[in-house]
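Peer 1: The primary structure of each chain is shown beneath.
Number of protein chains: 2
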Amino acid sequence: MKKNAIVGQSGGPTAVINASLYGVIREGINQEAIDHVYGMINGIEGYMSGTCMDLTADLTSDELELLKLTPAAYLGSCRYKLPEDLSSPFYPALFEKFRKMNIGYFFYIGGNDSMDTVSKLSRYASHHHSEIRFIGVPKTIDNDLVLTDHTPGYGSAAKYVADTVREIVLDSSVYQQKSITIVELMGRHAGWVTAASALARKYKGDNPVLIYLPETHFDFEQFTEDVTAALSKNSTVVICISEGISDARGKFICEYADAARLDTFGHKMLTGSGKMLENFIRDKFGVKVRSIELNVNQRCSGMMASATDIEESVLAGREGVKAAVSGLTGRMISFIRNENGPYHLECGTVDVNEVCNREKLFPSEWMNPRGTDVTQAFIDYALPLIQGEVQRKTESGRPVYLYRKSPVQK
Amino acid sequence: MKKNAIVGQSGGPTAVINASLYGVIREGINQEAIDHVYGMINGIEGYMSGTCMDLTADLTSDELELLKLTPAAYLGSCRYKLPEDLSSPFYPALFEKFRKMNIGYFFYIGGNDSMDTVSKLSRYASHHHSEIRFIGVPKTIDNDLVLTDHTPGYGSAAKYVADTVREIVLDSSVYQQKSITIVELMGRHAGWVTAASALARKYKGDNPVLIYLPETHFDFEQFTEDVTAALSKNSTVVICISEGISDARGKFICEYADAARLDTFGHKMLTGSGKMLENFIRDKFGVKVRSIELNVNQRCSGMMASATDIEESVLAGREGVKAAVSGLTGRMISFIRNENGPYHLECGTVDVNEVCNREKLFPSEWMNPRGTDVTQAFIDYALPLIQGEVQRKTESGRPVYLYRKSPVQK
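Taken in order, these protein sequences are the chains called B and E.
Going by the UniProt record's numbering, the residue at position 409 of the first sequence is 409; the numbering climbs one at a time, nothing skipped.
Going by the UniProt record's numbering, the residue at position 220 of the second sequence is 220; the numbering climbs one at a time, nothing skipped.
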């Protein structure tokens, strides 16, 4: 007997989370065993409050193709942690909803926290002899999931950072006077996104000449030495830092900003790490300095998405459906890169319980000993992930994305 | 007898200032009357200190094609105001350099301040019976030059803002909870760049639902009413503001934060309007709020440049050379749009003295009476300028730009 599938998106937006959704829907349509593919609006939280839609019935094939290249999260997202206690009434209520909708397959596209959701649901199902299969489809620009070569979303973020920092380097280099530009990039704990700024370099010694990740303790004295050395060699110095750099005591650098500064309304003005270091350099060196915080477009730029990332994200969605139909549950799709020869990717599955609540940090062997640059091994790892630009439909000069109509109430 | 030409770039970088440089070089090669085309490194300031290069001899045809699509300012730039007093020894020193290099044609690509340079040099030349012809080629993302339909650089900035804000709107809309996102855009006095955020909308009522330009006095009470109304209609509210919004007393909104500093020109550094309003909203409304400052990539994004802007910028450079060869001096190239029918552009020239030191502000008739949105007339004006994406050469997944080798000393 055919069963229905349901899919949700969770956590922060990316440029390619909808490509994985596309993969789930397309493969769901392909599979004999699957009837409808439903979408939870705003993840498990929205689904519990009654919102979902029929993705197989409500979207045309043309709309699906638009979905594939639409950034952010078409279904809407949530940040909702399921109860730790599997005897919570939350679970039977949820499974009753599944039963009513004849759900046989559940897909959740997201990062660490989403894998925690898949873990809990699959464990609950196992205890209660439910036949519903639960599969996690990885997604995070942070690239911090374990047991996968990389995560869907990282390649596009890396491409955005590489191309955008290259533009900033050109912009910074137009005047004669010495100047320092600090670029603050995403990454509270893991430096993968910031590391990608090394891809902006065109030649050896090109900017950014200094790169600081959260994995290395930041030290103001060493920073002063690093900047002094950089200024002696370069008229234009571009420095890339993660938002989450912290010192040996674990104190975030942004916390060193004069947090007591109030505006005229008496509000505290919060300052980021980039702004903090900008002020530090201005005081210490007296050179022209500015800081730039690359913001949410790092994670959601449709215009600068990596075509490789899009295709791999579609694959992750498709493979998720195939895994579920083949009988697997409590697994996350993982990417396996061939060890030798040209870049080639295959998918496998891993135990979702071993993924959730763990973080894959940037490896120390891919940093130089001083903690101010990444090595060629990282460049070799990251370059294949940013290949290819997306050919997208435009309308009056602007990209066409798929917008959700009002949610269907169930 | 053949004469040489010299060209410089001045003021802030744009995505297309090199396209105009390309136009000058290509047309310089075309023209019988012109022998070499020299480039001043770092504008008139660098030239006075002895740095320039031979653009016709030093660049291959392939390199020229790369130059056309390279953002920022290939020759380097300067912010250098020529002496007001035309009897200053600066002028004979400069003209002696021109004489030694057999310069007959001088092109300066830039905005207001650069046109001031062209004005002074052409007036000095006139007083001293020099036959050198001085032509200004317009350039500024601010679109604030008078006597031209628009300026090269504006279309690309507008396209970047439209596409980037559309991504921010999608990113902002993924969660269920009410939220406000403030996007701070470039524009100290003129609101043209911020106005382009209206192009991000896909449908009537789409975000950004509020747009504030420097041309309208900002009022905190009215802002509170506007935000209240917007929140009652929309779960997700995106607000776009110019960095230079100010109140009826002329006080910049960012000055209500305490951190305003002066840059090396004594300009106030305007980096805080968005952050200021973020704090104001958090305090007043208690909703989830964040601010995003779109930074220098607004002006220098090669990846998201407008193909129309690139082509028009090339045209401006070419027309500058033609104008000089035809005998004109003390003129700026201007864009003339056909009044009726489909978008079509022709070039003319205008008196550079009437351009310099004036600003074309955003017209009040293109704002709604409340000063919170632009009209359809502006959309109709701006849309043709953002058409077309650039097909560029890539290398290992990254855009290939032309980098300058060490400057040639003369």
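It is possible that some hints are incorrect.
Remember, identical chains collapse to one label, so a pair may be satisfied in a single copy or spanning two.
Claimed, not checked - The calculated lysine-lysine pairs, modelled on DSSO-like cross-linking and capped at a C-alpha distance of 30 Å, are:
(1) Lys-288 - Lys-251
(2) Lys-100 - Lys-2
(3) Lys-393 - Lys-284
(4) Lys-81 - Lys-288
(5) Lys-81 - Lys-202
(6) Lys-2 - Lys-178
Don't read these hints as lab results, they were simulated from the structure.
Fair warning: this is a prediction, and the values are worked out from it, not measured in the lab.
Peer 1: Each hint should be assessed against the structure and marked as holding or not.
Peer 2: Hints, one by one, checked against the model:
In this assembly of identical chains, the alpha carbons of Lys-288 and Lys-251 lie at most 30 Å apart whether taken from the same copy (27 Å) or from different copies (25 Å). Taking identical chains as interchangeable, the C-alpha atoms of Lys-100 and Lys-2 lie at most 30 Å apart only when both belong to the same chain, with a minimum of 14 Å there against 87 Å between chains. Proximity of Lys-393 and Lys-284 under a CA criterion of 30 Å is satisfied in neither setting, with 49 Å inside one chain copy and 41 Å between copies. Taking CA atoms no more than 30 Å apart as the test, Lys-81 paired with Lys-288 passes between copies only; the shortest distance there is 19 Å, against 46 Å inside one copy.
Neither within a single protomer nor between protomers do Lys-81 and Lys-202 lie at most 30 Å apart by alpha-carbon distance, with minima of 43 Å and 34 Å respectively. Taking CA atoms no more than 30 Å apart as the test, Lys-2 paired with Lys-178 passes in neither setting, with 68 Å inside one copy and 39 Å between copies.
Comparing the model with each numbered hint stated earlier shows that hints 3, 5, 6 do not hold.
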